[in-house]
Structure formats: C-alpha cells, structure tokens
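Peer 1: Sequence:
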Amino acid sequence: MNNFSDMMKKAQEMQKKMQEIQDSLSNLEVEGTSGGGIVKIIMNCKNEVKKIDIDPSIIKNDEKEVMEDLIIAALNDAKSKAEEKSQEEMKKLTGGLGLPPGMKMPF
Numbered sequence: 147m148n149n150f151s152d153m154m155k156k157a158q159e160m161q162k163k164m165q166e167i168q169d170s171l172s173n174l175e176v177e178g179t180s181g182g183g184i185v186k187i188i189m190n191c192k193n194e195v196k197k198i199d200i201d202p203s204i205i206k207n208d209e210k211e212v213m214e215d216l217i218i219a220a221l222n223d224a225k226s227k228a229e230e231k232s233q234e235e236m237k238k239l240t241g242g243l244g245l246p247p248g249m250k251m252p253f
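For our numbering, add 146 to where a residue sits in the sequence shown, where the first one is 1.
Derived from the structure by calculation, the hints contain no laboratory data.
Since the model is a prediction, treat every value here as computed from it, not as a measurement.
Glycine included, C-beta positions come from ideal geometry on N, C-alpha and C.
Careful, some of the hints might be misleading.
Per label pair, the in silico range of CB-to-CB distance [as the list claims (entries may be wrong)]:
#: 1; residue 1: N173; residue 2: D208; range: 30 to 38 Å
#: 2; residue 1: N148; residue 2: S180; range: 29 to 37 Å
#: 3; residue 1: D152; residue 2: K227; range: 38 to 46 Å
#: 4; residue 1: K163; residue 2: V185; range: 35 to 43 Å
#: 5; residue 1: K186; residue 2: D208; range: 49 to 57 Å
#: 6; residue 1: Q161; residue 2: N207; range: 47 to 55 Å
#: 7; residue 1: N173; residue 2: D199; range: 15 to 23 Å
In silico SDA-like pairs for lysine to any residue, Cα to Cα no more than 20 Å straight-line [as the list claims (entries may be wrong)]:
#: 8; residue 1: K186; residue 2: K162
#: 9; residue 1: K196; residue 2: A220
#: 10; residue 1: K162; residue 2: K192
#: 11; residue 1: K186; residue 2: L174
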C-alpha cells in the first residue's frame, strides 16, 4: 500500500509543477513577423495576442491603430472559439468517463 501512497504523492507533485508551468506561460512572450517585418505580433505562450504592429507604409496612418485593435480582437475571438470547440470534442471522447469538472485530458 505504501507504493500507491508514494505514487499518489508524486502525481500530486507533478500536477502542481504542471500548474506552475502553465501559470508562467502567460508571462513568456514571443514575436512573430511577416512581410520582412512589416507586420509583427507579440503573444504570450498561452496564445494570447498582446500587441500587433503594422508598418504604416502599407496603410493609411489614421487607420493603423483601429486596424491593429481589430486584428487583436479577431485573433483572440478565434482562439477562444477554437478552445471551446476543442473542449466539445474532448467531451465526445470522454463522455462516459465521468471526469470531475475542470479535469482536462491528457492528465
């Protein structure tokens, strides 16, 4: 029985470490570029877009900020919808398992 207890303790420790890593991902940022740097996107490692920069040479100057904000909103909306869809598909897969609320696959 001691082995089972040790195994559960290790599983809980791993789960705690995984949560810490997940939490830290929101602070890690990456930059994606296209068009030789004409368009830049800053996002964190949880796929949340933080900033978009579009070189003014390709748009009218008075529309630049509005365009950037609209792109951020559209990207985040698509991300949110993709996450919802993924959860729906996982429910189809795990429907009969009776997993507790909030528990995600894989463990």
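Peer 1: Taking the hints in turn, state whether each one holds.
Peer 2: Hint by hint, here is what the structure shows:
| no. | hint | verdict |
| --- | --- | --- |
| 1 | N173 - D208: 30 to 38 Å | holds (34 Å) |
| 2 | N148 - S180: 29 to 37 Å | violated (56 Å) |
| 3 | D152 - K227: 38 to 46 Å | holds (42 Å) |
| 4 | K163 - V185: 35 to 43 Å | holds (36 Å) |
| 5 | K186 - D208: 49 to 57 Å | violated (20 Å) |
| 6 | Q161 - N207: 47 to 55 Å | holds (50 Å) |
| 7 | N173 - D199: 15 to 23 Å | holds (20 Å) |
| 8 | K186 - K162 | violated (34 Å) |
| 9 | K196 - A220 | holds (12 Å) |
| 10 | K162 - K192 | holds (18 Å) |
| 11 | K186 - L174 | holds (16 Å) |
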